[in-house]
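Asks: Starting from the given sequences, assemble the full structure and let the hints guide the process.
Protein sequence lines, in the order shown, are assigned to chains A and B.
The letter at position 120 of the first sequence is residue 120 when you use the working numbering, and the numbering goes up by one with no holes.
In the working numbering, each number is its position in the second sequence, counted from 1, plus 1000.
Check before you lean on any hint, since a few could be wrong.
A few chain A residues facing chain B, derived, Cβ under 8 Å [said to hold, decoys possible]:
#1 E6
#2 L7
#3 E49
#4 L51
#5 V58
#6 L60
#7 R84
#8 G85
#9 T89
#10 R94
#11 P95
#12 L100
#13 S131
In case anyone wonders, no lab produced these hints; they're calculated from the structure.
No residue lacks a Cβ here, since even glycine has one placed at the ideal position from N, Cα and C.
Protein chains: 2
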Amino acid sequence: MGKDPELTIRPIGVVHCGLSSPADAPMNYTESSETGTLEIFTPYTDAMEGLEAGKTIVVLFWLHKARRDLLKVYPRGDRSRGLRGIFTTRSPMRPNPIALSEFTIQEIRGNSILVSGIDVIDGTPILDIKSTVMRINAANR
Amino acid sequence: MGKDPELTIRPIGVVHCGLSSPADAPMNYTESSETGTLEIFTPYTDAMEGLEAGKTIVVLFWLHKARRDLLKVYPRGDRSRGLRGIFTTRSPMRPNPIALSEFTIQEIRGNSILVSGIDVIDGTPILDIKSTVMRINAANR
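Replies: Rendered as structure tokens:
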């Protein structure tokens, strides 16, 4: 492949929640108790089959309000710790502003997935939903 | 935002490893002992500052050979288990074929990161590198 092709992603859904600006968003999903819904767009709802309350999912978001031009940041905004390379942080500002959160499904309502622990703002595009990885013990295979 | 805009991602690097076709790739990074390097492209090398041997990173890949048109699959190719929605699996075939692996850095050599446990093929675009999440105990904050 060439060195800098552009690749196209298509949102599969959108977040609905009470957080309206990045300043309101918790630093991380492990620090949030915000409840919200993940609306899955109609062309993709068949891919939800098997999702149910109690299951844990990994969700990828596109942080559409985040800057993409920074390569170093102060982690968690703390200037006393010095600038650090973006790739050693979880900063929302990154060349490809893809965020990753883990949720336990509270309820499925039609094409909406209710979760708690939302750390992104209302209107954030959803890129993917995955099951959490099964760590299979190689000795047992 | 509109319902189906297209968003543009730009690879920040590329994988070099001995796996040449998807059929060779292990099902999952937890099942691979393949060693490889993550080459970070020059515009983004400043974002590597602070990465070092022994640190654990989360890496997002774009599975450029994967089908994007399937919504259901047989998990791990096992037809006895029935078709399941893509969003309940870790299948490489998904509307946005973004894969997620976790690695411990073995060595940094210039703009290359040596890791073991590669489960994607040679030439796979790299989208992002993150630190693993810190699960902060809210009671201690």
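Asks: Hints first: check each against the structure and report whether it holds.
Replies: To see whether the hints hold, each was checked on the structure:
| no. | hint | verdict |
| --- | --- | --- |
| 1 | E6 | 5 Å, holds |
| 2 | L7 | 5 Å, holds |
| 3 | E49 | 4 Å, holds |
| 4 | L51 | 6 Å, holds |
| 5 | V58 | 7 Å, holds |
| 6 | L60 | 6 Å, holds |
| 7 | R84 | 5 Å, holds |
| 8 | G85 | 4 Å, holds |
| 9 | T89 | 6 Å, holds |
| 10 | R94 | 6 Å, holds |
| 11 | P95 | 5 Å, holds |
| 12 | L100 | 7 Å, holds |
| 13 | S131 | 5 Å, holds |
The structure is consistent with each of the numbered hints, conforming to all of them.
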